[in-house]
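Colleague: Okay, here's what each chain looks like letter by letter:
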Amino acid sequence: MDQLVATRTLLEVRKCRQAYPKEANNELVVLDDVNVSLREGEIVGLLGRSGSGKSTLLRIIAGLLRPTSGEVLWQGKTVRGPVRGVAMVFQSFALFPWLTVQENVELGLEAQGIARAEREVRAEEAIDLIGLGGYDGAYPKELSGGMRQRVGLARALVTHPDLLLMDEPFSALDVLTAETLRTDLIDLWSDRKLPVKSMLLVTHNIEEAVLMCDRILVFASDPGRVAHEMTVRFAHPRNRLDPAFRQMVDDIYAVMTRRKTPADLRAQAAQPATGFATPLHPIGTNLMSGLMETLAAPPYEGRADLPALAAALQYEVDELLPLGETLQLLKFAELEEGDIRLTEQGHRFVNAETEERKRIFAANLRAQVPLVAAIRQVIDERWNHRASAVRFRDELEDHMSPERAEETLRTAISWGRYAELYSYDEEAQQFSLEDIEED
Amino acid sequence: MTSIAPPALVHGRRLPNAWDLAAILLVLGLLIGVVNVARGTLAPLAVAQAGHIHLDPAYLPGYAIRTTLRMFAALIASLIFTFTVATLAAKSRRAAIIIIPILDILQSVPILGFLSFTVLFFLHLFPGRELGAELAAVFAVFTSQAWNMTFSFYQSLTTEPADLDEACRSFGLSPWQRFWRLDVPFATPGLVWNTMLSMSGGWFFVVASEAITVGNTTFTLPGIGSYVAVALGRRDLPAIVYAVLAMLVVILMYDQLLFRPLVAWSAKFRFETVQTAADSEPWVLKLLRRTFILREAGGWLGDQVARIGRLRLGRAQRTFQSLRTDRQSSRLGDGVFYVLVALGAIYAFWQVAKFCAAHLQWSDLVTCLTLAVFTLARVIVALVVSSAIWLPLGVWVGLRPKATRIVQPVAQFLAAFPANLLFPIAVALIVAYRLAPNIWLTPLMILGTQWYVLFNVVAGASALPGDLKEVAANFGLRGFLRWRRLIIPGILPYLVTGLLTASGNAWNTSIVAEVASWGHTTLVAQGLGAYIAEATNAGNTARIVLGVAVMSAFVLVFNRLVWRPLYAYASRRTTLG
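The listed protein sequences correspond, in order, to chains A and B.
Heads up: the first sequence at position 251 corresponds to 251 in the numbering used here, and the numbers run straight through without jumps.
Heads up: the second sequence at position 514 corresponds to 953 in the numbering used here, and the numbers run straight through without jumps.
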């Protein structure tokens, strides 16, 4: 990888900021001051949690979305829309179900007005390259997930793009299929058989990033920005069991679970926040108790290494981190440097019976989650002990996207129900104290 | 059998807003505009006489073909309207804001009441002898299909999956390519289903619009509808039976050659990623797919069509989709647009006011409203009675897969059969037994549309999840409890869909069902339909406009206050997740 320095810069993202206007002078910042550059001959990974804005950045780079400010330069020219020379592979595959494999692959060539004979030759090439030979006439729904994503890859490669953008391309596939596809792609890349100059991979899978990329940009959320950059110097094919590989995965876990730095806190302070502003992860209470029980039991005895725990539970980092953070929010556990540790209260919860568990959970919930506390307070203050969900939703939407607000409210409803702090009537969209026993 | 919710249920708000008001005014203004043009032509055209209709059954096949051709002309016109108007509404926020309420209102205008004007209007536009009347008949069928189809297409366009949209944009498809590669295929299942249902309803309108009497002039177009009208005037019962038989053959062919193959074929475009067990393939489709020559011919035809779709017409949007971010310029455009709509609405209001002041009194409105209440009562009774009959039967059938396979196609077939061909037989019976027309004309309103109730209930019952049926059996849920806890909630969305279709058609039918004649005997039931029909015979334009407006208002209010909330409730409460 020594020639990296000498090669040309393909793409540059300069000071990109993406924000959605909210009421008055309030706005929701998704990306803030993002600077990225891509050179020929490298695979770059954008690693971050879901909702951290990495997919938004990918769409800005693809020219599908206009950044609020800042610019993207493609081979020195400002990007003003979808660029020829950049092709995209989608997480959901985005295949047209009414077109056959071959017709799907030819789509990009049709758009360029290429004659039928040439289209067929090039489609055939791409189909064979990606290992789809024989499936030309099949419809996407006849294929397995892995085969579908191969169609997605062939469709992107057939246009001979300079840059291949991949938006979590393997996350909708099962573990084994995903691994086969990754190795196949890397093999083609190493053999220089791919008609592309550079690849950008968006992922939330740490091992995937270390396995495939030459450079990893770790994304931090709220607002999304590049928090850390790492170069991966292992030669392909890489070995997941190599201690150096494991060490790198551990390091990235540590970076991603690190306590907020002063700079982060300043960034957060820039956004006016009431107690409502914390989005809640939609984590079920059963899942929380399950993780706490696992942590308390051997072999963990209250403390676990996150990568090891993820591997044992067959969880991806994207599933495990929100769960850990939720336990941290409720003071049942603490995350530090890639480890998770059960707190005193967490141990008490695990050792308690059902009713006692609910009491502990309720106490922590009211103390740590301002939204839940506020809902209960409003119910208590009202003469009829009822409160409409609409006002809470509106207030949440001042601080986050409508989808996040809805998710947060749903989570608060579900946790509050478990804790028996309030009940909720879906039809009337109202909180109340019906069926709640006062103690 | 999949059942797709009618667009009227899915779309729109309950509470009217300023745009609805503007839409109402514009539609009323348009109707009055048509009336004004039509009235000017009434006198000179009185000479134009009816084409001669032979009652010899040998002429029937020819008449049947003429009737069918009218249906297809209307279908093509509706498709063109759908593709242009729905695309306009989906791509332009401003257009959508007024087009959608206008379509919603047009959907509830009983076009049968307006037939006489459209005949005169088209005769005025094309002063040929038959062309005008032909166009009016085609137009009547068009109005029974186009709004529904446009809604369906618009709904698909606005719910396209984001990733496919992004794929189209990132590969740089031109608007024309995108239309044929994404927009149309994605909309196809819903559009085909809605089109076929509308076309089934259309047979009723084409039969009704072939013989139109305005004042003392009767315009007859060669077709089955006119044949029946003439036979009716001559009290020729055998001729009516021949016509019914001919119609049965036509509908059977339509059902087998078009409806079934098309709906089954459109399943190919269903947006789903898992392969579902296919419904049995209709024999026509099987023939087309398995016979070598037919398959090759079909493939060649498909290729030619696809080639047109591949043309790079229009330029690919290699820019940001920036309609929503350019606030500054769009605000000015919005302003201009709002002013234009407001001016249009004000002009329409002035026209409506002038028209009303010149021709109508408040007492007319009171009469109309009273009569509308009578018709409303009739519609409700008809719905209740048909539900009482078809709900238990439909559930019984739906729970038995074998029976469902037999009954479902029969019900769809019967729904397509134009019930107005059977009216003379019913009227003959009422006359013979001296029954009270106020009561016994009511069943005619629901005669053709009750099948929608039946086949929706059957679809609902057969879609009840197997595990829930097993739970009910396991816990010994029986009788009323089983109905209350399992069956009624399970089929409610389907039942509402069926009832909505039935009620909309019942209002429309009242115009031909509340006044029925048998030779020189005419039976009249008190109601708004009879009011409109009599005003048409008398050539009283003002009363027709008033009657149609009041009926539209009733249908509109009924839809918004009853069916939409009910459907929203049913689909919210009876789906998991």
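Certain hints may be false.
Within a straight-line C-alpha distance of at most 35 Å, the following computed DSBU-like cross-link-like pairs (lysine-lysine) qualify [unchecked claim]:
{"#": "1", "chain 1": "B", "residue 1": "K725", "chain 2": "B", "residue 2": "K707"}
{"#": "2", "chain 1": "A", "residue 1": "K141", "chain 2": "B", "residue 2": "K908"}
{"#": "3", "chain 1": "A", "residue 1": "K141", "chain 2": "B", "residue 2": "K707"}
The set of hints was computed from the structure by calculation and includes no laboratory data.
Computed from a prediction, not measured in an experiment: that's the story for all the values here.
Colleague: Within a Cα-Cα threshold of 35 Å, do A/K141 and B/K707 meet the stated pairing?
Modeller: With Cα atoms ~10 Å apart, A/K141 and B/K707 stay inside 35 Å; holds.
Colleague: Does B/K707 lie within 35 Å of B/K725 when you go C-alpha to C-alpha?
Modeller: holds (14 Å)
Colleague: Does the structure keep A/K141 and B/K908 at a Cα separation of 35 Å or less?
Modeller: The given pair, whose Cα atoms are some 30 Å apart, holds under the 35 Å limit.
Comparing the model with each numbered hint stated earlier shows that all of them hold.
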